[in-house]
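J.: Chains as they are written, first to last, in UniProt numbering: chain A, 1 to 398; chain B, 1 to 398; chain C, 1 to 398; chain D, 1 to 398.
Simulated from the structure, these hints should not be mistaken for lab results. Don't take each hint at face value.
Label-pair ranges, simulated between beta-carbon atoms [as the list claims (entries may be wrong)]:
#, chain 1, residue 1, chain 2, residue 2, range
1, D, Arg-45, A, Arg-45, 49 to 55 Å
2, C, Leu-380, D, Leu-383, 58 to 64 Å
3, D, Thr-187, C, Lys-288, 47 to 53 Å
4, B, Ser-195, C, Val-382, 55 to 61 Å
Quick reminder that beta carbons are idealized off the backbone N, C-alpha and C, glycines included.
As a plain string of letters, each chain reads:
4 protein chains.
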Amino acid sequence: MSTYGKIFRVTTYGESHCASVGAIIDGCPPRDEKDLVHLQSGTERGVTLGTPIGLLVKNEDQRPHDYSETDLYPRPSHADYTYLEKYGIKASSGGGRSSARETIGLLGSFFPLRSYALRLSKPGRVAAGAIAEKYLKLAYGIEIVAFVSSVGKIHLPSFVTSPSGEDDDEAQDALSEEFRHLIKTITREEVDKFSTRCPHPETSERMTQRIIRAKDAQDSIGGTVTCVIRNVPSGLGEPVFDKFEARLAHAMLSIPATKAFEIGSGFKGTEVPGSKHNDAFVRRADGKLGTVTNWSGGIQGGITNGEDIYFRIGFKSPATISQGQKTAQYDGTPGELAARGRHDPCVVPRAVPIVEAMAAIVVLDQLLIQNSRKTAANLLPVLTGLPPSMVQPKSPGV
Amino acid sequence: MSTYGKIFRVTTYGESHCASVGAIIDGCPPRDEKDLVHLQSGTERGVTLGTPIGLLVKNEDQRPHDYSETDLYPRPSHADYTYLEKYGIKASSGGGRSSARETIGLLGSFFPLRSYALRLSKPGRVAAGAIAEKYLKLAYGIEIVAFVSSVGKIHLPSFVTSPSGEDDDEAQDALSEEFRHLIKTITREEVDKFSTRCPHPETSERMTQRIIRAKDAQDSIGGTVTCVIRNVPSGLGEPVFDKFEARLAHAMLSIPATKAFEIGSGFKGTEVPGSKHNDAFVRRADGKLGTVTNWSGGIQGGITNGEDIYFRIGFKSPATISQGQKTAQYDGTPGELAARGRHDPCVVPRAVPIVEAMAAIVVLDQLLIQNSRKTAANLLPVLTGLPPSMVQPKSPGV
Amino acid sequence: MSTYGKIFRVTTYGESHCASVGAIIDGCPPRDEKDLVHLQSGTERGVTLGTPIGLLVKNEDQRPHDYSETDLYPRPSHADYTYLEKYGIKASSGGGRSSARETIGLLGSFFPLRSYALRLSKPGRVAAGAIAEKYLKLAYGIEIVAFVSSVGKIHLPSFVTSPSGEDDDEAQDALSEEFRHLIKTITREEVDKFSTRCPHPETSERMTQRIIRAKDAQDSIGGTVTCVIRNVPSGLGEPVFDKFEARLAHAMLSIPATKAFEIGSGFKGTEVPGSKHNDAFVRRADGKLGTVTNWSGGIQGGITNGEDIYFRIGFKSPATISQGQKTAQYDGTPGELAARGRHDPCVVPRAVPIVEAMAAIVVLDQLLIQNSRKTAANLLPVLTGLPPSMVQPKSPGV
Amino acid sequence: MSTYGKIFRVTTYGESHCASVGAIIDGCPPRDEKDLVHLQSGTERGVTLGTPIGLLVKNEDQRPHDYSETDLYPRPSHADYTYLEKYGIKASSGGGRSSARETIGLLGSFFPLRSYALRLSKPGRVAAGAIAEKYLKLAYGIEIVAFVSSVGKIHLPSFVTSPSGEDDDEAQDALSEEFRHLIKTITREEVDKFSTRCPHPETSERMTQRIIRAKDAQDSIGGTVTCVIRNVPSGLGEPVFDKFEARLAHAMLSIPATKAFEIGSGFKGTEVPGSKHNDAFVRRADGKLGTVTNWSGGIQGGITNGEDIYFRIGFKSPATISQGQKTAQYDGTPGELAARGRHDPCVVPRAVPIVEAMAAIVVLDQLLIQNSRKTAANLLPVLTGLPPSMVQPKSPGV
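Bound conformation, chain A alone (with noise of 0.2 Å):
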């Protein structure tokens, strides 16, 4: 339930304004972590001793109670509602674990609270994800960087659409030049370098324009983090039910505010013709087979194939505003609630290292599980006899 993972093994706790959040990390691989904060226990000296590591973050927001105003009222699209009917009680300061505001009880565990306090400027990376990141980039060299792909209808430039001579049905619509470039090299400075974290200064522009707008407006507004994961092995990720994309799906849509999820092509995919859409195979500079095109985002039958991984993230505009609303109160009297106190109108560049954080959790845990096999599989002498159908012998990914 609070537990995320199957060899690398995350369980969170917290509300919003409890003693504490914290997380216990279990399965992370021994070795030099240092630096790392807030830190219980599995270490000594800077380095992971494999045991689990005890996280801890006090929270320095802890209120007993000051909500007066929603005592009355479930808040529309927050936690309230749903968390007094599941466990027929509630915190008294709001949704608990979820909702708007009340992320810190998740975020706070990933998330150091001085850099939760800090905002938009530069916050340090999300500590259970950081170990995570710091194996995955140590040992295998991948990159894991998140960016705001859209802010409202303000979205950073990616498909190209050509019309078709035919019909307008067949428009087609490709990735762009240059976001494709993008994927390919971006990093978290070049991300971190924007306060909106939409690393195109022109759309970066319009997009703090349209949070001051919402600001001003008392409202507030959504968008879109994109992410891509570079360097990944190939033959990562199970059949069927646990397949990379839908682990990486439910990881996605465990962080709060979230309402959707796509990877590679994605919605846009199922527009483009198979012929167009897929990935013709190419052998590459290293002798291995790449594809020309990456419509798949680095994943085909649930597996990865080595090439980049990208997805995007939608997160609803925050249900915490300044202006009044009309609802009813929890005995269902119609009313109008008003939130005290100033709101941040955009989470979204907010959401970039939480996103980035959780990716590394679900590549290392199905790293840690491939590697179990791969290792298995190589102790076993060298299969002979078998039609090239089945092992291809010539193959230079084996």
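Dock chains B, C and D against the given chain A, drawing on the hints supplied.
T.: Same frame as chain A, now just chains B, C and D:
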């Protein structure tokens, strides 16, 4: 790996051309389940016993090896290459448990093979999901209906956009009245009247033409399936890593050829300001709280709120096409691969019962988990002395 | 790995000398849990919220490294060597999360450290199990009591053997009347009156002498703990791989220093012929079926039958002893290792609350799983038309 | 529930008289597995593909209902009553997936039915475990041999007791030289020479007489099975809740009719002082560390140390006996139940291959988990600058 669920658990086996495909269903509530075929255990006199139900489907299309053409080529956007990378070996006849035509490896276990052969005509409902569906209908009146919402660029009309006076970036989208009515009332019988499974005559006709064009071009085309689940109790789903929508996304992206998932307003919802996107509460006729709009798609904070759950899944264009494709052989040699025989240019209509089956499995599993908590909590004395912000004494929903 | 349970789940962290030891409890039924210390989340005003409960115990015995003597030697029958083999690295101060004195890594998370320091005097009940115990007592009246049943060769009298006239091989054993009475009536208060936690004055006194002899000899001695669980509903436990006794054995053998487990008649029961060993049914005062004898220990076919559950666990003699031991250094050099300081010669009395805590965790988790089925089945219409061999219409227990 | 294992996973189905019994094996390392019967999927040309292996055993003893006598009586110490309590319904023919003769529900899935029918003659090795065993043998040279160590009170001689001069309470036990030799050298071929599967001629003869006496008395008798696993690498097993012995106990107590488990010195070891019980280290011929004695049974701190693993399991006397038994009907009416037909008075010899199969499944699953960590750690640069107490630089075992 090949198991889905925590309490209601489905484990499957089978490749495209093996002796049989099958599944074991564990954790099924005992009782009435007549008229299901291919049962090996767990039932007697048409009644389930609570013990594991063994389902078996003979693979009538069992062929030792007839894909000689693909012995040299990994088929583009198939799983031939990735399975070989993962396991160092693969079934001679294809990508094993995944990808395009081989999907029978998964589908077959749910899907009486006869129905698969019948293709676009009325297939029987999927076996494993059928057991879950039957329970949900009988015990809770839960209805699950999926339908085709797009084929290529032909979309069933759903959103209406009202241009905003001030700024194009704030043009507002809303679900059309027609679409909202469809979600509330659509039945399987209506869906199955259309060979496309799109219950909108005009759109269905355009889809049919689009599929014919794909076929004539020896090409293929993808599409989307929308699914609605009605009468789900509030309180299902677990905070953090097992949010209802996270497990739903996981299940849907385990269906072959899926690339995208969105719940409720989805990606479109990221463009709608919070003031419009928030679902205000209102007292329903039965005295409980409901919401005026339903952008949330029946889920808030990862937990169901009792409103209709609706979501959309994107299926890529089938990778198997009849026209020749320039690609590389396993050893990297460039060449042209041509698939033999006739291939289905659009599989989306056939995916409809699979989506419904997987949805039923997710709902039942979450329901059983919540049952265990609910029953446990009900055995304790009523809590007294708590402030109204923790337990709303007048709340009609507690 | 570091998580136990399917619905009621405990995840722990901590080594012997790290900053803190702790646990996360997930899946706890919400409601009244006052007076628990060290809670970080998941409660408010002494009431659990259903969300994960974070428990934290500061490690007051945190020492960077003071075991210089053992730097050269892997301590015999400790985990120094095996942890190093497993992870390629270990905490400098010992075997990490396991073995002898370091057991605090596990115990601490359940066990307020203060109590651990108090040792043989009355320790507080173990925290994680305490929450489970409290629920079980409140909702079902379930009682869990463990006691020391042997220290070395000093056994609390339990079996009586009647020589058979014909053949020594058929001499018959039976639980003594005195022991059966003890099982039915023993309370924690009675157990805690004895520093040995053996509630039989004469035996307790002999055990005390035995422990003193071990101490005087700079040696150590093991023993057994017997545990009884009363008032468990029938129907808990799952067929095949999650039999009640299988999960109980798993939980008990996860306690450090355990080497053996037996349920009901255990090893002795293998010597008793079926005609004597079978537990005949009888109508109980409440109209339900009970059994005359209880060799089964309350479990038949892996499922509880409503009778008292009792089992016994063997704890080896502590590996840490003060006398010198001839052994080898890490590099194979022979030598003599002498532990410094004073060591507890017998840990069995201190294991009693751990056994009770683990038992509570197992029962609650199985109860929650069965609740989900039971509730699900109860929502369906009553089955009719089945032969009496499938549903016994007159059965008082259905 | 009906699934065992984390990476190597076995899921079973089947009751006593259903259409077939079967299993799905998931996570099997791909490669050579010829000569296995009843395979439905996951293999081609005698080679496993890495994908799930479907095993099927037709139930030739499928009878709709012939137990009319037991329609009125829940059989004592069977699972008739507990299954009815659990599910509110049961298979007409018995207790379903468990208990005495019905054990075929579990056994069948491992056990080609033909072998089961042959009973005490040489059955084939158990199918699911056979796949695991074959891999373990081929890749690691791991040998798993089980044998009958007692029938009723007839025990294969193993311990010798030397009276202590001072005090009877300190008389010392040790494994006999003969028994230690047996553990080191016993093979399946030697075991299978004896119909009792006890590889000690004199004891075997006494056991045979004991079984005949039970049969003549229309009674039954239990016994114990001892199992040794040789050549297991060090480092298997996980700290805390997944200790190697905890998962082994779990697996063994999931075999029907088991009541007790002990690893290494077991219950006897609780009586041996630490100074004798500790396994001193010594440099082995291959330069690695070994232990002089092996009271630990190859496991320390829950993790394997490379020495032989040995353990013992207790099987109760079969509940099905031919003599009449005074008991109660389902409705509480007292009466006498007499089983019809002939029944096997002692099932312990037939349990031997089941024990071996379950042991293989546990070892392979733990091996795959450790592989994933080991491989992950090996990809990182060698750690430098750590004190010798953390990484022993001269340790031959790292």
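J.: Look at each hint and say if it fits the structure.
T.: Status of each hint after checking the structure:
Our hint of 49 to 55 Å for D:Arg-45 and A:Arg-45 holds, since their Cβ atoms are close to 52 Å apart. The hint said 58 to 64 Å for the Cβ distance between C:Leu-380 and D:Leu-383, and at roughly 59 Å that hint holds. For D:Thr-187 and C:Lys-288, the hinted distance range of 47 to 53 Å is satisfied, since their beta carbons lie about 51 Å from each other. Roughly 42 Å separates the CB atoms of B:Ser-195 and C:Val-382, a value that falls outside the hinted 55 to 61 Å.
Of the numbered hints stated above, the single one contradicted by the structure is hint 4.
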